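Listed below, chain by chain, are the residues.
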Amino acid sequence: MTIAAALEIALAVLVLGMAAWTIAARETFAAVVGFVAYGLLLALVWVRLDAVDVALTEAAIGGLSGILLVGAAARLRASETPAVAESPDGMLRVGAAVLATIVAAALAAGVLALPDPAPALAPAVAANIAATGLGNPVTSVLMAFRAMDTLLEKVVLLLALVGVWSLAPDRVWGGRPGPRHQADPLGVLAFLARLLPPVGIVVGIYIFWVGADHPGGAFQGGTILAAMWLLVMTAGLTDAPPVRLRWLRLVLIAGPAVFLVVGLAGLWLGDGFLSYPVAYAKLLIVTIEVAMTLTIAVTLGLLLAGAPERSA
Amino acid sequence: MMSATTAFGLCAAVAVGLGLYGLIANPQPLRKILAFNLLGSGVFLFFGVVARRGAAAAFGGDPVPQALVITGIVVAFSATALAVALLLRLFEATGSATLRDSMKRASTGAGSDPTDP
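Protein sequence lines correspond, in order, to chains A and B.
The first sequence lines up with residues 73 to 384 when you count with my numbering.
The second sequence lines up with residues 96 to 212 when you count with my numbering.
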């Protein structure tokens, strides 16, 4: 066994250890921290599986999930004790363990029985990637070959945000999300919130731009931009905007709207819905991605900020 | 000898099992959300293993399942954010965040929103 293989198996064991901790930890807060560590280790697994685009997504989203879940765990701490009292009895636990073992064993058998050689769409992508003008096969799948998935995914993000906003009580309808954050203006958080965003914004835009030909893309870049915005909001340097603002809503629909317009234009310029004329394919894809990066950054930032809680 | 890709595949299977167990056995709703995400990440990892095995045409992995996983991660995150917001609203409105007493609360009329005048 080579050193690389030994390290990979050690990584798999570590990932499972964190997964078990996430389920077994007594305190919800500890479980959340375990889950964040699990996500970061999983990003390493994605690198080892030669899926660097997925690794970037996992790492970026893992960070945002951490902010979301740690915040929720802190706010729900008072409900912890009564909820633990409702733990299911021994019989149900044993039943759940048996069911989980059966499902895991069936999946493991499936992994071991996967056909060899494996069926793949990689040759089909390689044969057609030139038509998209892109060099990154994953971006070409996301933006061209399965563009419908990506369009609908953006709509799902928007629907989730509408769902979160709809939880606002009547008196703060359309108001500012979440509590106003206060932090020491001379403290470490405020310092980092001034130092990191210029770098983070450049990195976010770079990751989006380079995604055309190398690992990266609109989603990964937009997530980093959202993280920078959240950092500035958490440090109390700026407040979350009221969600009723017209410009905010225009930015939120810009990504799916541009995608949809280009897709519909394909009906008479190209071969059908979401098909790009070959000469302009890359230009159109990058145009969609610019709008999407902006929309993703604002959508994710507002999703994490939560439901409106203040009318001001 | 077992390849690293197979090891990650088995890892995915166990993660799904652990997530399923936690979804049923952990009583706190936030823990159920965590467990469901664990289950989902196992499914994504399974896809990643299929993608790695499908490496061809000078690509390190089949880009189609990889792209589907990216879409899946985004959708899972949106659903998680919505679920957490629902949970926080439930806690704010009722002062508790458990699943068991929801029927009782509704029948005593305490399910209405005390934060609304």
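These are computed hints drawn from the structure, not numbers from a lab.
Just so you know, these numbers come straight off a predicted model, no measurement behind them.
Glycine residues also receive a C-beta, built at the ideal position from the N, C-alpha and C atoms.
Just to be clear, a hint being listed does not mean it is correct.
For each label pair, taking beta carbons as the anchor points, the in silico distance ranges come out as [unchecked claim]:
1. Val-350(A) - Leu-181(B): 43 to 51 Å
2. Leu-181(B) - Pro-187(A): 38 to 46 Å
3. Leu-181(B) - Ala-203(A): 42 to 50 Å
Verification of the hints:
1. Restraint check, Val-350(A) to Leu-181(B): a C-beta distance of roughly 45 Å satisfies the suggested window 43 to 51 Å.
2. Between Leu-181(B) and Pro-187(A), the C-beta spacing of about 41 Å keeps the proposed range 38 to 46 Å intact.
3. In this structure the hint that Leu-181(B) and Ala-203(A) lie 42 to 50 Å apart at CB holds, the actual value being about 43 Å.
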